[in-house]
Amino acid sequence: MSQITRHGVRTAQDLIKPLINRTPVLVSENLSHMASSPELNINFYFKCENLQKSGSFKFRGASNFIAEQPSEKLKKGVVAVSTGNFGHAVALAAKTAAQKRNMTIDATVVLPKTSAPSKIEGAKKNGGKVVLAGANPEDRDKTAKKIIKDTGAIFIGPMDDPSIVHGQATTTMEMIEQVHEMSGQRLDAVVLPSATGGLLTGAAVVCKGTETSVYGCEPQEGGPDLQSGIESGVLSNPKNQNSVADGLRASTSKGNFDLIRQKDLVAGLYTATEREIKKTWRLLMEELKLVIEPSSAVSVALLLFNAEFRAMLAKQRKNWNIGIVLTGGNTTVSRITEELGDFQPRSIASEKDWSEMYERSA
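Just so we're aligned, residue 366 is where the sequence shown starts under the working numbering, counting upward by one.
For the record, the hints were derived by calculation from the structure and aren't laboratory data. Note that the structure is a prediction, hence the values are computed from the model and not measured. Keep in mind that the hints are not guaranteed to be accurate.
Derived Cβ-Cβ restraints for the label pairs, each shown as a range [unchecked claim]:
| id | residue 1 | residue 2 | range |
| --- | --- | --- | --- |
| 1 | THR370 | GLU576 | 17 to 23 Å |
| 2 | ASN684 | LYS441 | 40 to 46 Å |
| 3 | LYS510 | GLN681 | 41 to 47 Å |
| 4 | LYS490 | GLU703 | 20 to 26 Å |
| 5 | HIS545 | LYS441 | 42 to 48 Å |
| 6 | GLU586 | LYS382 | 19 to 25 Å |
| 7 | VAL392 | LYS628 | 25 to 31 Å |
| 8 | GLN550 | ASP504 | 31 to 37 Å |
| 9 | GLY499 | LYS683 | 27 to 33 Å |
| 10 | LYS490 | GLN681 | 41 to 47 Å |
| 11 | ALA679 | HIS372 | 34 to 40 Å |
Heads up, the beta-carbon is just placed ideally off N, CA and C, and yes, glycines get one too.
Work out the full structure, taking the sequences as your base and the hints as a guide.
Shown next as structure tokens:
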């Protein structure tokens with residue numbers, strides 16, 4: 366992991382600048398007010414990677430990895446293992462590189478059979494060949510290894526590969542720069558969802574030695590189970606990954622885990638329940654007027670509902686500028702309707718309504 370550096374992130378930022386969208390950073394007085402209390406004043410800054418090419422921040426890592434490869438190696442194609450968004454990103458990054466280099470780059474994406482249809486179609490739409498494997502990460506890895514053996518293609522990974530982490534880390538570096546440009550402020554913290562760990566690891570490298578703290582979050586159940594791994598010191602291998610936050614149904618890479626568990630780099634990792642994630646998912650879409658996937662809601666769910674996390678922040682100081690990455694927007698109206706159909710329409714305009722909902726979840 367010593368190969369991952371701020372210099373590497375800056376180099377990646379320069380390399381992929383012509384390839385990616387410099388996605389906007391938005392603020393919301395309503396959401397900041399809802400997360401605040403007499404003891405804690407929160408100002409949210411939302412980095413909209415749901416508006417990134419391929420629909421997620423993972424286009425950054427895929428683009429950086431492919432951009433660093435010589436054309437001779439890319440001729441045999443690329444293979445990636447994904448729960449959805451990274452596969453979508455690899456397919457588009459390979460297509461973009463092929464057009465730029467005037468060559469053919471075949472992209473094969475190994476996805477779990479449980480992947481959201483929108484993510485399967487996203488990879489296909491951009492020219493990727495999709496191979497479906499079991500929901501277990503080992504099944505997908507085994508399938509990918511066979512494809513690589515048969516074709517000689519390059520494996521884009523693992524997710525702790527420096528090229529990928531440097532690319533993902535440009536999300537945080539860019540957000541910090543944009544917040545300063547728009548407000549003259551610095552971020553006191555970034556709170557990021559984590560599965561394979563590239564986004565969180567990259568943020569830790571970018572923020573190391575600065576006044577910006579880095580916190581991670583995950584679903585309480587059905588995600589990577591990173592919190593228990595950090596507590597035990599042993600990387601867990603969860604079997605039943607069924608969280609509504611489908612983008613977080615993945616295991617953390619060993620290299621990323623080793624860095625994330627260092628307290629001087631990642632200040633802490635917390636969880637949100639499925640109900641809290643769903644509530645926040647709906648709230649963010651209503652307030653920000655954006656389509657996001659549920660994985661994007663986990664960080665804000667933490668700040669709204671996790672009493673331990675809120676108390677920890679309040680104990681340190683009252684005022685916090687907090688960066689949130691809306692990690693992706695690869696979902697559909699039908700899935701939103703299906704997942705949120707059991708939530709009755711409600712008003713969120715009233716502070717009383719919100720405080721009552723907060724108390725019920727606390």
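For this session: Identify every previously stated hint that the structure contradicts and give their numbers, smallest first.
Result: 2, 6, 8 and 9
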